[in-house]
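Q: Could you put together the complete structure from these sequences and hints?
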Amino acid sequence: MARKTKAEAEKTRLRIMKAALKLFVENGYECTTFADVAQRIGLTKGAVYWHFKSKPDLLAELVVFMTERHTVQLARTLSHPASLDSLEALTAYFVQRARLIIDSPANRRFFLMVRRLDWSSSKFVPVHQRIRNVSTMPYAIVFSALESMRRTGVIRPDADLVTVSSVVMVIWLGLLEHEISHCLETDLESALRLGFQAVLNVVKS
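In my numbering, the protein residues as written are 1 to 205.
No wet-lab data here; the hints were simulated from the structure.
Check the hints yourself; a few may be wrong.
[As the list claims (entries may be wrong)] Below, in silico cross-link-like pairs of lysine-lysine (DSBU-like), each with a Cα-Cα straight-line distance of 30 Å or less: (1) K55 / K45; (2) K123 / K55; (3) K6 / K45; (4) K53 / K22; (5) K22 / K55.
Keep in mind that this is a model prediction, so the values were computed, not measured.
A: What follows is the structure, given as C-alpha cells:
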C-alpha cells in the first residue's frame, strides 16, 4: 500500500476529530471509544491510534483545532470589542457571537461539549488553560464594555462590575444553550436584550 502523503494524513486527522466531536456530544466523552470513532468514518481502530495515541490526546488536539478556528472566525466576523460602550452595542455583539456558534454545526457541537465535560479531571490538564481562555474571553469583553459604560456615566461609579459581568455571562450562555437545544421559546436577540437590560437597569446612573 502506498504511503499516505502529508496532506492525506492531515485530511484523515481532521475526519477523525470531526467524528469524535459528534460522538462526544451524542454519547458523552466517557462512553465514546476509538472503535466508535473508527466505525463512524469507516476506518480501523488502528488507523485512529496511528494519528492519536489516546482519547485525551485526541480531545486535546480537537480543542486546539476548534479554538484556533473559532478565534479566526471571531476576528473575521465581529466588530472590535473596544467599541462596545452601550447596551445596544453589547447586545448586538453577543447576538453576532451567538450566531457564529449557532449557524455552524461544528461550533454548536463544540459549545455543547465544552459545557458538558467536567474539565477539572486530571486527564484534561493539557487543555485546561486553553478551555479557560475560551470560557473567560467573553467575560473579559463584557467587563471591558461595562468599564466603558461606567466611564461615560451610563452605569453608576460604585457598580460591582465583577458580579454584573458574571450575571450577563450566565444569561448569554444559558440562552445560547437553550437556543442550540431548541428549548428557547422566544427570539434569541429579544431575550438577550431583555436580560441584559434587566441587569443594567439595576446599576444604571
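Q: Would you mind marking each hint as holding or not holding in the structure?
A: Hint-by-hint comparison with the structure:
For a cut-off of 30 Å, the pair hint linking K55 to K45 stands: about 12 Å separates their Cα positions. The straight-line distance between the Cα atoms of K123 and K55 is roughly 10 Å, inside the 30 Å bound, and the hint therefore holds. Distance hint between K6 and K45 is fulfilled; the C-alpha atoms sit about 20 Å from each other, no more than 30 Å. Between K53 and K22 the CA atoms are separated by roughly 19 Å; this keeps the pair inside 30 Å, and the hint holds.
Taken as a hint, the K22 and K55 pair is honoured in the structure, with Cα atoms around 14 Å apart against an allowance of 30 Å.
When each numbered hint is compared with the structure, no violation occurs for any of them.
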